[in-house]
Amino acid sequence: MSETTSPQPRSLKLFKQAAPEVQLLVKNIMTKERQEQHKKNRTEIYQTLLQFIKESIQ
Amino acid sequence: MILKKLVLDNFRQYLGRQEIVFASQKQKNVTIIHGENGFGKTCFLNALLWGFYGSDGLTKDLPKPEHIIPDTVREQSTDPSADISTIEISFKHGDREFTLARSISLAQERASKGQNTDLNLAIRHLDGQTTNCDGREAQKIIDSILPRDLRELVFFNGERIDHLAMEDSAEKVRDSVRGLLGLKLIDQSIADLMSNNVRGKLKEDLKKNTDAETSQLLEKQTTLETAITEKKGLLTACRSNQSALAEKMSAINAKLEANREARELQQRRATRESELTERQKALQDLEKRLGDLLAADGYTLFCSDLIQRGKSITHKLRAEGRIPARVMNDFIHDLLKAETCICGTCLPKDSEIWKMVEEQLTKAGDPEFNRAVGDLDKAIGVIEGSINRTRESITRLVGERTDLIERISHIREDLEEIKEALGSKDDEEVHKLEAQREKEELRRHDLLREEGSLAKEIETSEAELKSLSAEIQTKQQKGEEGKKAQRRLQRLEETVALLEEILQIESEDLRNELGKEVERIFRKISLHDYRLDLTDDFTLRLSKSVPGSSGLVQVDVATSTGQRQVMSLVFIASLVALAQRRNEIPTILKDLHGGDYPLVMDSPFGQLGDEFRAAIAKHVPALAPQAIVLVSTSQYKGDVEHELGESSRVGKRYILRYHAPSKRDDAKESISLGGKRNIIFKVDPTEHTQIMEID
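Chains as they are written, first to last, in my numbering: chain Y, 1264 to 1321; chain V, 540 to 1234.
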């Protein structure tokens, strides 16, 4: 998550309280790669998301 | 995004190839383009919008938006595929430099009514390499830099932005904040996760691996979700229609204010309408307070008999000496148990003396009973006190309510009178505008009704969905695959819930930051004791400090079109300032950089009263990293010329010279700027606009 030296956002505190599997999912979604994906087509985005979920929850 | 250069090649009234370089240095960040009304200011703004977004980006007030090719070229064309209009824009965003070129041929324009264009985008990276892309890919990159629904925050007609300060635009304001400050990613991720392609697929997996009963529940859940999605779509459309309608109304109001016959009445109407909104809001707040009071303490008004009965019971008990009891039965029980009196006399069990002490139990008081009567006494006191307080509060609130209703009714009567007075004006334009206004007003009422009913339906369906989802989650899956599918679905839903909460929290944090920025910028330009706030529900509110019983108090003020224009401008400038230092604001989003955005303002001084005109002009250079101002002589002369003319931040200055076969009677041939005469009109058989740089 955010690696800047700015104070810890309230949302990060909330994130840390979530289940590890949920944290992993959110982390994957919010990465820079994911941001870049918005420029690609949506089918690719859906597939990546499904893959994230299936890989992280076995 | 800092604009470097714009090239117009046969774009509407801009014939031939013309280019304009914008001031883009930190200390010289203002470009002024002088243009009289009808000489091409709005067309210039639209050249930028068309370059970035094609026909979808054009402003609503642009006549014949499907005609991009200049009329002269269209009429004389011999080869429609060779007659082309092109816009080239060079700009910098972050550490990359971009040059976009959008073009349309006459053949394309005719075939698609101006919809189909060719787009190319060249990106020069930090390492000196250049990449190129076309069409949709290029458009996606442009949209990722400045989403098209946020274009009016950067490129706007100053006389049409006042609607941002209206209550109807709260949703739009919230969206703008999320859009320009990077939170759309969370919004989009939630939508992606909940889509049929992700959550839908996981549900299918579960359906395949579960029993018939759960499968049926899942089916029901899908049907309900589809219905909710449809209704939410309708609600969004309804809200965006309201927002578009507010914009339309604002354009009609501006036209009425510009009309000499209607000006005074329209200004009075704007103030009264604003007062009406304030009072209606105050009435809603008051009715809520009244409702809360009745729910919490209303019962006390019906307790008088009960209080009297309680009082007579406690009074009787006191008269009989039963409360407070002189001796407690606990004490006598202890003596009997210990078989010893407090004086030391022995009390053998069942002896004469023991029985005499036991008899005292009938006279002794019970501590529980004593406490209960004490509590009753206390409760009677509290309720009795509350009866009076509640009665007084209700009387006061009902009085205030009557007063407010009366004031609202006066304002309404006044508005009706204004409407009638405007209707009786002998002016065709005023009649037309009034008819449009009435039509839009009726439509607004319909939309409000529709919004209320949709919101209620969604609320009911969501409650049903919640209990259904909970029921599905409690169903125990037997097989391994079923368990896995259920867990994945559950985790996805938890992820969505978490993202929704994060979005909420980060929006609130941004709103707080933005509120501070709004206050800071407004303080610089406000000459009076006004104060501008961004409320919790993303509404801009103007207030003023007035003397109250305990010192100065802030009261909301009814706003004029000009004031709302200032409020909107301050909001946009604050948003741009926040976008610039986005990386300093804590967020969960990784690698979110700050971004520079320019402000391209067509006629920003139009409706401003004298109180704000000079202040806005003075602060234009500080409103954004780059400011491009399109202004007519009448708006420029006086305060604006004084403030901007003295600013060392103006780096580039241009005039729009209009060529036409004949001059309008009221149009000037030349204007004087900085002591120099500049020709702004030339007789020419071909009508067109020429951009001329001046010192």
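A couple of the hints might just be wrong.
Here are the simulated DSS-like pairs of lysine-lysine, each with C-alpha atoms no more than 25 Å apart in a straight line [as the list claims (entries may be wrong)]:
| id | chain 1 | residue 1 | chain 2 | residue 2 |
| --- | --- | --- | --- | --- |
| 1 | V | LYS543 | V | LYS794 |
| 2 | Y | LYS1317 | V | LYS740 |
| 3 | V | LYS1014 | V | LYS820 |
| 4 | V | LYS723 | V | LYS631 |
| 5 | V | LYS876 | V | LYS855 |
| 6 | Y | LYS1279 | V | LYS747 |
| 7 | V | LYS747 | Y | LYS1317 |
| 8 | V | LYS747 | V | LYS759 |
| 9 | Y | LYS1317 | V | LYS567 |
| 10 | Y | LYS1279 | V | LYS723 |
| 11 | V | LYS1055 | Y | LYS1276 |
| 12 | Y | LYS1317 | V | LYS746 |
| 13 | V | LYS565 | V | LYS543 |
| 14 | V | LYS820 | Y | LYS1317 |
| 15 | V | LYS1063 | Y | LYS1290 |
| 16 | V | LYS1207 | V | LYS1063 |
| 17 | V | LYS794 | V | LYS850 |
| 18 | V | LYS747 | V | LYS1022 |
| 19 | V | LYS747 | V | LYS1083 |
| 20 | V | LYS964 | V | LYS794 |
| 21 | V | LYS1005 | V | LYS746 |
| 22 | V | LYS1005 | V | LYS1017 |
| 23 | Y | LYS1317 | V | LYS794 |
| 24 | V | LYS740 | V | LYS759 |
| 25 | V | LYS770 | V | LYS958 |
| 26 | V | LYS631 | V | LYS1191 |
| 27 | V | LYS759 | V | LYS771 |
| 28 | V | LYS565 | Y | LYS1317 |
| 29 | V | LYS894 | V | LYS917 |
| 30 | Y | LYS1276 | V | LYS723 |
| 31 | V | LYS723 | Y | LYS1290 |
| 32 | V | LYS1083 | V | LYS565 |
| 33 | Y | LYS1290 | V | LYS740 |
| 34 | V | LYS1005 | V | LYS747 |
Calculated from the structure, these hints are not laboratory results. Owing to the predicted nature of the structure, the values given are computational and were not obtained by experimental measurement.
Hint check:
1. LYS543(V) to LYS794(V): 34 Å, violated
2. LYS1317(Y) to LYS740(V): Distance of about 11 Å is within 25 Å: holds.
3. LYS1014(V) to LYS820(V): Answer violated: LYS1014(V) to LYS820(V) is near 47 Å, above 25 Å.
4. LYS723(V) to LYS631(V): 22 Å, holds
5. LYS876(V) to LYS855(V): 33 Å, violated
6. LYS1279(Y) to LYS747(V): 34 Å, violated
7. LYS747(V) to LYS1317(Y): 16 Å, holds
8. LYS747(V) to LYS759(V): 15 Å, holds
9. LYS1317(Y) to LYS567(V): Given that 25 Å is the threshold and the Cα spacing comes to 54 Å, the pair is violated.
10. LYS1279(Y) to LYS723(V): 22 Å, holds
11. LYS1055(V) to LYS1276(Y): Since the Cα atoms of LYS1055(V) and LYS1276(Y) sit roughly 24 Å apart, the hinted pair holds (cutoff 25 Å).
12. LYS1317(Y) to LYS746(V): Judged against 25 Å, a Cα distance of about 16 Å means the pair holds.
13. LYS565(V) to LYS543(V): With Cα atoms ~13 Å apart, LYS565(V) and LYS543(V) stay inside 25 Å; holds.
14. LYS820(V) to LYS1317(Y): 50 Å, violated
15. LYS1063(V) to LYS1290(Y): Status violated; Cα separation ~41 Å.
16. LYS1207(V) to LYS1063(V): 35 Å, violated
17. LYS794(V) to LYS850(V): Violated, at about 71 Å.
18. LYS747(V) to LYS1022(V): 12 Å, holds
19. LYS747(V) to LYS1083(V): Between LYS747(V) and LYS1083(V) the Cα gap is close to 64 Å, so the pair fails against 25 Å, i.e. violated.
20. LYS964(V) to LYS794(V): Roughly 15 Å separates the two Cα atoms, so the pair holds.
21. LYS1005(V) to LYS746(V): 19 Å, holds
22. LYS1005(V) to LYS1017(V): 23 Å, holds
23. LYS1317(Y) to LYS794(V): 58 Å, violated
24. LYS740(V) to LYS759(V): Holds: LYS740(V) and LYS759(V) sit about 16 Å apart, inside 25 Å.
25. LYS770(V) to LYS958(V): Violated: LYS770(V) and LYS958(V) sit about 36 Å apart, past 25 Å.
26. LYS631(V) to LYS1191(V): 18 Å, holds
27. LYS759(V) to LYS771(V): Holds, because 18 Å separates the two Cα atoms, which is no more than 25 Å.
28. LYS565(V) to LYS1317(Y): Cα-Cα ~50 Å, so violated.
29. LYS894(V) to LYS917(V): 37 Å, violated
30. LYS1276(Y) to LYS723(V): Since the Cα atoms of LYS1276(Y) and LYS723(V) sit roughly 21 Å apart, the hinted pair holds (cutoff 25 Å).
31. LYS723(V) to LYS1290(Y): The given pair, whose Cα atoms are some 16 Å apart, holds under the 25 Å limit.
32. LYS1083(V) to LYS565(V): Distance of about 35 Å is beyond 25 Å: violated.
33. LYS1290(Y) to LYS740(V): Status holds; Cα separation ~21 Å.
34. LYS1005(V) to LYS747(V): OK: LYS1005(V) and LYS747(V) at ~23 Å, within 25 Å.
The structure is inconsistent with the numbered hints 1, 3, 5, 6, 9, 14, 15, 16, 17, 19, 23, 25, 28, 29, 32, although it conforms to all the rest.
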